[in-house]
Amino acid sequence: MRREHRLNALILGLVLAVPLWAWATSEPFTITLATRAVIFAIAGVGLNLALGTGGLVSLGHAAFFGIGGYAMGILASHAQTYTPLFEWPFVLEGTKSMPVIWLLAVAASALAALMIGALSLRTSGVYFIMITLAFGQMFYYFMISWPAYGGEDGLSIYVRNGFPGLNTLDPIQFFALSFAILCAVLYLVTRLRASAFGLALGAARQNEARTRAVGIDPYRVRLLAFTLSGAITGLAGALFADLNRFVSPVMFSWHTSGELIVFIILGGVGRLMGPVLGAALYVALEHHLGGLSDYWQIYFGAILLGVVLFARGGLIGLIVGRETAHD
Amino acid sequence: MTDTPVLELRNICKRFGAVVASNDVSLDLRPGEIHALIGPNGAGKSTLIAQIAGTLPSDAGQVMFEGRDVTGLDAVARARAGLGRTFQISSLAMEFTVLQNAVLGAVGQARTAFSLLRPVMKDRVLVAAAEAALEAVGLAEFRALRTDELSHGQRRQLEVAVALTLRPRAFLMDEPMAGLGMEGTAAMTGFLDTLRQRAPILLVEHDMDAVFRLADRISVLVYGEIVATGRPDEIRADAAVRSAYLGEATP
Amino acid sequence: MTFVLLVEQVLNGLQFGVMLFLMAAGLTLIFGVMGLINLAHGSLYMVGAFAAATVAGATGSFLLALAASLGAAALAGALVELTVIRRLYGRDHLDQVLATFALILIFSEGTRWLFGSFPLYLDIPPALSGPVALPFGIDYPRYRLALIGIGLAVAAALFLLISRTRLGIQIRAGEEDREMIAALGVDISKLYTLVFALGAALAGLAGALIGAIQSVQVGMGEPVLILAFVVIVIGGIGSIRGALVGAILVGLTDTLGRALLPVLFGLVMEPAAAMSAGASLASMAIYILMAAVLILRPRGLFGRA
Amino acid sequence: MKMKSLIAAAALAALAGTAQAEVKVGMITTLSGGGAGLGLDVRDGFLLALKQSGRDDIEMIIEDDQQKPDVAVQIADRMIQAEDVDVLTGIIWSNLAMAVVPGAVAQGKFYLSPNAGPSALAGKGCHPNYFNVAWQNDNLHEAAGAYANSAGYTNSFILAPNYPAGQDALTGYKRFYEGELSGELYTKLGQTDYAAEIAQIRASGADSVFFFLPGGMGISFLKQYADSGVDIPLIGPAFSFDQGILQAVGDAALGVVNTSQWAKDLDNPTNAAFVESFAAEYGRLPSLYASQGFDTANLMISALEKADVSDVEGFRAALKAADFASTRGDFAFGPNNHPIQNIYVREVIKEGDIYTNRTIGVAIENHADAYAAECGM
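Residue numbers (this note's numbering), protein chains in the order written: chain A, 1 to 327; chain B, 1 to 251; chain C, 1 to 305; chain D, 1 to 377.
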């Protein structure tokens, strides 16, 4: 346990140190890469709440990532053209303010997660994996063919949205903002995991009959976990859209859902910092392997395969050993 | 007042295809008593427990709990209504510590499963309730162990401890002595003897010594039907029971 | 929409469904016996199509091409089972999803490395090309009729294999109780390799048959894979009968949705908007079907509780 | 591997030559996955032109966008922030162009498009630093509509995938086509089975079918259409009849009429030399995309001859002059920096064992796009 704590601190320290070093040596692109890793990490931490702590293997979290992204895209594009989103029953104007966008991204993805979860959680196991995939695909095809916001072309936002007191166009400042959100999300998830809710969620994953027998309804516990998980992933989606200043239906594709799972498994399922380490490694590998060969995905596939087959418990598991019980 | 049953089954039926698992079963559990349910393997004891606990819906009949019809309630609602059960095969969160399992019961009892931010293992009230339950079954010194590191017998004890944390108004216990060994069985028997003061126990048990020592009344289930109900000495003397059941497992 | 057109669309849906069944049967068999989710099943479909295109290009014989697709896919399947898949039995579904996701990357880029980035050529054999006249004045492609026939024949053969042969008994025993068949003295690892290769061969055959009327290219397996998953989830995972029913249901829903929804929307909306909205809904139709089935029957139509 | 060696050669050459006046070009294109064929052709055409120019002061940085917009944006960020490139090029897909181009030109870089031409970048979103060397997305479809008129078709059935480029394609066709429509269909993006659509075409009583189904979708449609026995003539844009995929379609494509701004047999010396040298260098016939990559590089080189890339105004004016020998013959930029060029009508034929196209006429001469008026540049 202590070792995992130290490792967690080390990972977070590295994620902070690399862009700071890049800033000092004027390597803005490395900062952008680190920001990408941090945002993926937030999405992964969100999914890990459902997948790791709750045992809910969702292959449809791209839906929430995409909804968060489009919340940003839609609000900012309306602000860009000075047209309201709708005027009835009340006037909703577009906005270029990150806090407002985040609020709406979280609300919209939480609502979607609540509805998808309410239906999907009636199933379990492989069926759950597949029904979440189906919901993700529904959103994907809907966004491709819905012409109002660019369809498959997506939406470009020419200038990154603003945050009071910061210049978000400066890579290091936007990184700092993303990193602060990652820390806040990690803190929130730590609290959730240690709470009575976290205990009930873990119990529902390990033994559903036991959970029922103590008078806790696993369905409701899981639904809340799924909703919170979707909301966090949605927040990451809004940040991701701001990083790229662009959203497209690719955010909804099942490959995105797969990648989020990859982060978690690379790092370690159910580990607090698993998705952080996984996302950082993923971005680093993608960046360096891409330069090696046209066929770099073969190597990437082989590395993934190696981790699944030989590093059970992910890389954190490999380093600190089996997860021990903790009070 | 004392004669009003806490738990009452009225004409409960369950069939799986052609197999009749429980056929028109009626029995009751009165305050302060241990009512043992015995019968040969495959008689339908565990099915009946599942029907009472609400994990298995009945085809017909009613389950009354404290004068209330709970037939339509699911397992969660019945647990909340005050039915504390232990499972025949230990059913615990194996990755949790012993204490965490007990605290889980306390959380269920306190209905704080949706408390999101307070660290549950630092909640004095819940932890105290959990530790008291562990103390009662003799597991206090193992509180920090991972549950999958417990011996089989210790897991049975933990099952009972979790049921205790629920502060139920009736216990359903499915073979709490199984695999306990001589000493463990003796300790558990002594413990259950005092437990009936807190709430009556419907006890399914194979250990006949324990059953005849503890039970105020005994019901005998054969092929899903109750063939006899009575005081231990009545059951010992009952001809139907002797032929159907006690022939193969003499007390 | 005329009656003739409707009949033709139903035939189209049936043919699409039967092809999906070939994919889904292997997938559901592998899940039923080994409890494995295989995302790389679409890659085996691609392997079959590429093998068929290569052999057809070299020999000009469609039958040899089909044989090559069966052989190559079965071989690839057996190889993957021996090296990777057998380490995944008994792992949780999450590990299986990720490992087979990695296999997709390796298969896709490996195929591109071997065959290049351009689609390959594979055509319908001359004997089966062109339309054939059916009753009610329907002209229907001969090859598509043949596909329906082949698919149903494979389905029948599969049912016979499972219900009548020694291998079938072992497969069914494997679905019921894994320890049991080991105790019966069946070489379980050989059985697993065999079942995996059989599933792979079916996928390869589907790839070759479909490749002749579609595009043989890298990544061709993925859309089909997702559809095959939809099929087996609707049918109930592990059930061959469920896969057949699910496949035909999905085939009909997709085809008739594409044909009818824009027309239906046209009744209440202006044509251009109806076209777009109808097409959007049609592209989501099978996912809506799947969600609806799972909400009503959380283990699919023929799934075991 | 070839890419590596070419880049290495370019880099070495750059080192050997004068370090002065070095130009850095960032190419973001699709080199992996199902759409890699297009990116490879653009890249190879581009590199061929560089090689033939003999210039040793152009440094190429080539990256694979995996056909994912977020990856393309990330690569563009790196090329701009870390590599400090002068010119960006290479993107194949409209949605990736929409993600990258506005940001790149806003940061003062030049972008030369070798393939995608979304309407948003031709109209309101036009930019002085953005030059399209291929076509505006609607162009080939508009030409198909014009061809349908001249061929005497009066009752077309039209279909395209349900996504913006598909909607633009049908709009583009209808903009020039004057006859009636017997049917209009949107299919699913990535769809591979067209039995249902072909049945509707058969029942529609149309005299012509216009379709826009890029990549594998077109291959599937053509094979299934040929096999269905429906003999209504097909018209399409060149994308489904390109050198790279014709071999996979085979006989099913023979005789089909398609519209293109380029063809292998266009009679001009630049094109003849290009076709011959491309085949010699890479061992395959060039495609439409290869010709676009080749033209893009030559446009850039022609501008470099006139002005240093650091002289932004001068370089921009030199690009705008389009003073280079195009494989398409006459080529000029309109007010929105999009091409004014002939769109030809081609027919698919078989030359020996190879399927290819033969030019049979001109669909529209000196065609510009419909969005130039919206461009406030």
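Please note: incorrect hints may appear among the correct ones.
[Unchecked claim] DSSO-like, lysine-lysine: derived pairs with alpha carbons at most 30 Å apart:
| hint | chain 1 | residue 1 | chain 2 | residue 2 |
| --- | --- | --- | --- | --- |
| 1 | D | Lys124 | D | Lys109 |
| 2 | A | Lys96 | D | Lys109 |
| 3 | D | Lys124 | A | Lys96 |
| 4 | D | Lys24 | D | Lys350 |
| 5 | D | Lys109 | D | Lys51 |
[To be verified] Here are the simulated distance ranges between beta carbons:
| hint | chain 1 | residue 1 | chain 2 | residue 2 | range |
| --- | --- | --- | --- | --- | --- |
| 6 | C | Thr59 | D | Lys51 | 36 to 44 Å |
| 7 | D | Gly152 | C | Val263 | 41 to 49 Å |
| 8 | A | Gly306 | B | Leu145 | 29 to 37 Å |
| 9 | D | Pro335 | A | Phe90 | 39 to 47 Å |
| 10 | B | Ala128 | A | Tyr299 | 54 to 62 Å |
| 11 | A | Gln80 | C | Leu264 | 30 to 38 Å |
| 12 | C | Val263 | D | Ile354 | 40 to 48 Å |
| 13 | C | Leu145 | B | Asp59 | 25 to 33 Å |
| 14 | D | Asp57 | A | Ala180 | 41 to 49 Å |
| 15 | C | Arg86 | A | Cys183 | 49 to 57 Å |
| 16 | D | Thr359 | A | Leu285 | 45 to 53 Å |
Just so you know, the hints here were simulated from the structure itself, not pulled from any lab data. We put the CB at the ideal spot given by N, CA and C, even for glycine.
So, going through the hints one by one against the coordinates:
With a C-alpha separation of about 19 Å, the suggested pair lysine 124(D) and lysine 109(D) falls inside the 30 Å cut-off, and the hint holds. A C-alpha spacing of about 25 Å is found between lysine 96(A) and lysine 109(D), which places the hinted pair at or below 30 Å, so the restraint holds. Between lysine 124(D) and lysine 96(A), the direct Cα distance comes to roughly 21 Å. Compliance with the 30 Å bound is thereby established for this hinted pair. At roughly 41 Å between alpha-carbon atoms, lysine 24(D) and lysine 350(D) are farther apart than 30 Å, so this suggested pair is violated.
Among the hinted pairs, lysine 109(D) with lysine 51(D) is consistent with the structure: their alpha-carbon atoms are about 24 Å apart, no more than 30 Å. At about 39 Å, the beta-carbon gap between threonine 59(C) and lysine 51(D) stays in the expected band of 36 to 44 Å. Judged by the Cβ atoms, the range 41 to 49 Å given for glycine 152(D) and valine 263(C) is violated: they are separated by roughly 29 Å. The supplied range of 29 to 37 Å is met by glycine 306(A) and leucine 145(B), whose beta-carbon atoms lie about 34 Å from each other.
Here the CB-CB span from proline 335(D) to phenylalanine 90(A) is close to 43 Å, well matched to the stated 39 to 47 Å. The hinted range of 54 to 62 Å is satisfied by alanine 128(B) and tyrosine 299(A), whose Cβ atoms lie roughly 56 Å apart. Distance hint check: the CB atoms of glutamine 80(A) and leucine 264(C) are about 37 Å apart, consistent with the given range 30 to 38 Å. Between valine 263(C) and isoleucine 354(D) the beta carbons are some 42 Å apart, a value that agrees with the proposed interval 40 to 48 Å.
Between leucine 145(C) and aspartate 59(B), the C-beta spacing of about 50 Å breaks the proposed range 25 to 33 Å. A C-beta distance of roughly 45 Å is found between aspartate 57(D) and alanine 180(A), which places it inside the suggested range of 41 to 49 Å. Against the hinted window of 49 to 57 Å, the Cβ-Cβ separation of arginine 86(C) and cysteine 183(A) comes to about 42 Å, which falls outside the hint. Separated by about 47 Å at the C-beta atoms, threonine 359(D) and leucine 285(A) satisfy the suggested range of 45 to 53 Å.
The structure fails hints 4, 7, 13, 15 (numbered hints given earlier, in ascending order).
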